[in-house]
Amino acid sequence: MNSQQSQYSGNLKYAVDIVLCIDATGSMGAILDQVKESALSFHQRLNTVMGEKGKAISQLRLKVIAFRDFGDHPDDAIEATDFLLFPDQATQFERFVRGLRPTGGGDIPESGLEALALAVQAPWERGLDRRRHVIVLFTDAPAHPLGSPAQTRAYSYPRSMPRSITELFEQWGVPHSQGAVMENSAKRLLLFAPEEPPWAQIADDWNNTLYFPSEAGEGLEEWEMDEIINTIANSL
Amino acid sequence: MKQGSLLRDYLITSKPTNDGAGKCVWAFAQRNGREYFVKEFLEPKRPRPESMATPETKRLQHAQCAAFERRHRSVIRRIDPTDLDAGNLVTAVDFFCEGTRYYKVTNRLYPANLAAPHRLTPHQKSVLLGTLGDSLRLLHRLDIVHGDLKPQNVLLHRPPDSDLYTAKLIDFDDAYVSGEPPEHDLIGGDHKYGAPEWFRYLRGDPAIGGDALTTAVDLFAFGLMLHTYLTGALPDHDPSHTSPGEAVNAGAELQLDPRLDDRLADAVRALVAVAPADRPKVNKVLRLLDDRSALALKADPAVRRPGRVRASPNGTSRSAPPQPTAAPQPATGPQPATGPQPTAAGGDRPTRLRINLDGRAPRSPKRPPEKDEG
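From first to last, the protein sequence lines are chains A and B. Residue numbers for the first sequence follow this note's numbering, so the first one is 1 and each next one is one higher. Residue numbers for the second sequence follow this note's numbering, so the first one is 1 and each next one is one higher.
Simulated from the structure, these hints should not be mistaken for laboratory data. As the structure is a computational prediction, the values presented were derived from the model and not from experiment. By construction, the Cβ of each residue, glycine as well, lies at the ideal position given by its N, Cα and C atoms. One or more hints might be untrue.
To be verified - Below, computed lysine-lysine pairings styled on DSS-like, alpha-carbon distance capped at 30 Å:
#1 B:Lys58 with A:Lys13
#2 A:Lys36 with B:Lys281
#3 A:Lys36 with B:Lys23
#4 B:Lys2 with B:Lys58
#5 A:Lys53 with B:Lys58
#6 A:Lys36 with A:Lys53
#7 B:Lys23 with B:Lys58
#8 B:Lys298 with B:Lys284
#9 B:Lys23 with B:Lys2
#10 A:Lys36 with B:Lys58
#11 A:Lys36 with A:Lys13
#12 A:Lys13 with B:Lys298
#13 A:Lys53 with A:Lys13
#14 B:Lys284 with A:Lys36
#15 B:Lys15 with B:Lys2
#16 B:Lys2 with A:Lys53
Unchecked claim - Far from chain A, by Cβ distances over 10 Å, these chain B residues were calculated:
#17 Arg34
#18 Tyr36
#19 Leu42
#20 Glu43
#21 Pro47
#22 Gln61
#23 Asp94
#24 Glu183
#25 Leu186
#26 Asn249
#27 Ala299
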């Protein structure tokens, strides 16, 4: 077998990147504990399911973006980790997740779209043979519109933010679109959010999006980690 | 779609889920007293007039929708439901776009709960594998590659008052016209049953263009499925490889179960050849599957063919549990492995008695089973 042949033989290597966008405002209280608990056991469950399918993930990275409200309290409107490699950096992940406290937010809506934009712009893995780039967003509230002055004037507001939902959608992209920053065949978005703007519209317009609606202000009782595991394990 | 809501005139009767599905969510539904399986695709989305997309993105979305519809409708159109071999293909009864999303509807199936098909009698195996081969022959005659052939996409059906099982082939979402697969980063399939050329195409090997992915991709998977249905496990291979196709692609040899009849072993060995052109057509294999003596396993597992079948280096697969042939979790979303049974697939197209096109005797599900020789 020559070198060119060997380049295309061998076992397929799977890269999985997951960004958890977690609403950490006061109203999330009990559900935040549930999200945290599941996040901490997530990689083990994923490995188990992948093993049952005879597959092994070659590289698993998780990143957490906790969000609140720039307009309410810019100091902790966003708390985030880098992509953390599992299992090597599991301790770092665990420390961050355990440290999340439901606080602030003021009145609804929250800065969920900013968190989503930061997730879209994350440094996703581009190598290995097959990739899955998954954003999971948990919130019980609608989101401020992008470009809202109450948000953008906050000193901590990220410069990279798209100025509108249209611009954010361009970054999410569709096949062959020029402005997309995500890899179309790899990306998935799971929305655990109420049927409020802009989540329902995103679910309507964005491809590769799974929407699990909840009632605003009534928590996220129906969300299940299995939906996230399925999204990864069944599509690699 | 939501449980309890109407999608066109389908009443969604279960909570939509992505269980067993990577590129869709699915649910069960009812219409006019009949039960259906409804799949909602994650992609493409047809842009709303008030969509947040720019005009250029809307143009791209419309183009993608048109291509998506063409691919699905071309497969649907090519398969004539009245064809003699079409009775065990579970094809779409409806395909439409509602709002921004695409949906595909098939009849709901109630598959038999059969955990170990390899323990069936040779006659039962002949019927099961023959009906699977018939479906594959039809697809290949129409130049269609199923693209995701695996036990999870075969539902076993037992007609009323029969001990025989037929194979219902499901999930044509990854199907394509032979030689015209989706782009390498979009092509579907399962690495456990993937052919060597599929692996190379998926990796972007410049030597493997779309024209290299033909119906022979299915034949490789068919060979692995024959081995699985007959012995209860995939062929063994060096444990450094995670699937038979990867092993063959790397130049390694698969170790077949030595209990296989020599003729069957030769057929499986040919089906899993590294070169697509070396794999025999379905018709040739079907003739062998009609010979029940070829489907009985040898009693003495020590019988080997020197120089052709090597000892397993890990010795694990032979005793591994059987593949989930009753298909509780197909990629399209599971049809329940248990439940009201047996009924025909959706009640409209039961397995039929018929004369095969090549003049072979029909495979009747009414013929009595024979003693298990497995």
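Going through the hints against the structure:
1. This hinted pair does not check out: B:Lys58 and A:Lys13 have alpha carbons roughly 34 Å apart, beyond 30 Å.
2. For the given pair, A:Lys36 sits about 53 Å from B:Lys281 by alpha-carbon distance, which is inconsistent with the 30 Å threshold.
3. Proposed proximity of A:Lys36 and B:Lys23 is supported: the alpha carbons are some 27 Å apart, at most 30 Å.
4. Restraint check for B:Lys2 and B:Lys58: the C-alpha separation of about 26 Å stays at or below 30 Å, so the hint holds.
5. Restraint check for A:Lys53 and B:Lys58: the C-alpha separation of about 37 Å exceeds 30 Å, so the hint is violated.
6. Using a Cα cut-off of 30 Å, the hinted pair A:Lys36 and A:Lys53 holds, with the two alpha carbons roughly 26 Å apart.
7. Proposed proximity of B:Lys23 and B:Lys58 is supported: the alpha carbons are some 21 Å apart, at most 30 Å.
8. Distance check on the hinted pair: B:Lys298 and B:Lys284 sit about 22 Å apart at the alpha-carbon level, within 30 Å; holds.
9. The hinted pair formed by B:Lys23 and B:Lys2 meets the criterion: a straight-line CA distance of about 18 Å does not exceed 30 Å.
10. Between A:Lys36 and B:Lys58, the direct Cα distance comes to roughly 38 Å. Violation of the 30 Å bound is thereby established for this hinted pair.
11. In summary, the hint linking A:Lys36 to A:Lys13 is supported, as the alpha carbons are separated by about 29 Å, within the 30 Å threshold.
12. Distance restraint check for A:Lys13 and B:Lys298: the Cα-Cα separation of roughly 38 Å exceeds the 30 Å cut-off, and the hinted pair is therefore not satisfied.
13. The straight-line distance between the Cα atoms of A:Lys53 and A:Lys13 is roughly 15 Å, inside the 30 Å bound, and the hint therefore holds.
14. For the hint linking B:Lys284 to A:Lys36, the alpha-carbon distance of about 57 Å lies beyond 30 Å, and the restraint is violated.
15. A C-alpha spacing of about 7 Å is found between B:Lys15 and B:Lys2, which places the hinted pair at or below 30 Å, so the restraint holds.
16. Among the hinted pairs, B:Lys2 with A:Lys53 is consistent with the structure: their alpha-carbon atoms are about 29 Å apart, no more than 30 Å.
17. Once the 10 Å rule is applied to beta carbons, B:Arg34 is consistent with being away from chain A; the minimum gap is 28 Å.
18. No beta-carbon of chain A comes within 10 Å of the beta-carbon of B:Tyr36; the shortest separation is about 21 Å.
19. Residue-level check failed: B:Leu42 sits 5 Å from the nearest beta carbon of chain A, not beyond 10 Å.
20. Not every CB of chain A lies more than 10 Å from the CB of B:Glu43, the least distance being 4 Å, so the non-interface label is violated.
21. With 10 Å as the threshold on Cβ separation, the claim that B:Pro47 sits away from chain A is violated: the shortest Cβ distance comes to roughly 7 Å.
22. For B:Gln61, the requirement that its beta carbon stay farther than 10 Å from each beta carbon of chain A is not met, with the minimum near 5 Å.
23. For B:Asp94, the condition that its CB be more than 10 Å from all CB atoms of chain A holds, with the nearest at approximately 21 Å.
24. Under the 10 Å C-beta cut-off, the non-interface status given to B:Glu183 relative to chain A is violated; the minimum distance is some 8 Å.
25. Non-interface status of B:Leu186 relative to chain A is broken: a Cβ of that chain comes within 10 Å, the nearest being about 5 Å off.
26. The beta carbon of B:Asn249 is not kept farther than 10 Å from every beta carbon of chain A, the shortest such distance being approximately 5 Å.
27. With a cut of 10 Å on Cβ distances, B:Ala299 stays outside the contact zone with chain A, its closest approach being about 30 Å.
Going down the numbered hints, you'll see the structure goes against 1, 2, 5, 10, 12, 14, 19, 20, 21, 22, 24, 25, 26, while the others check out.
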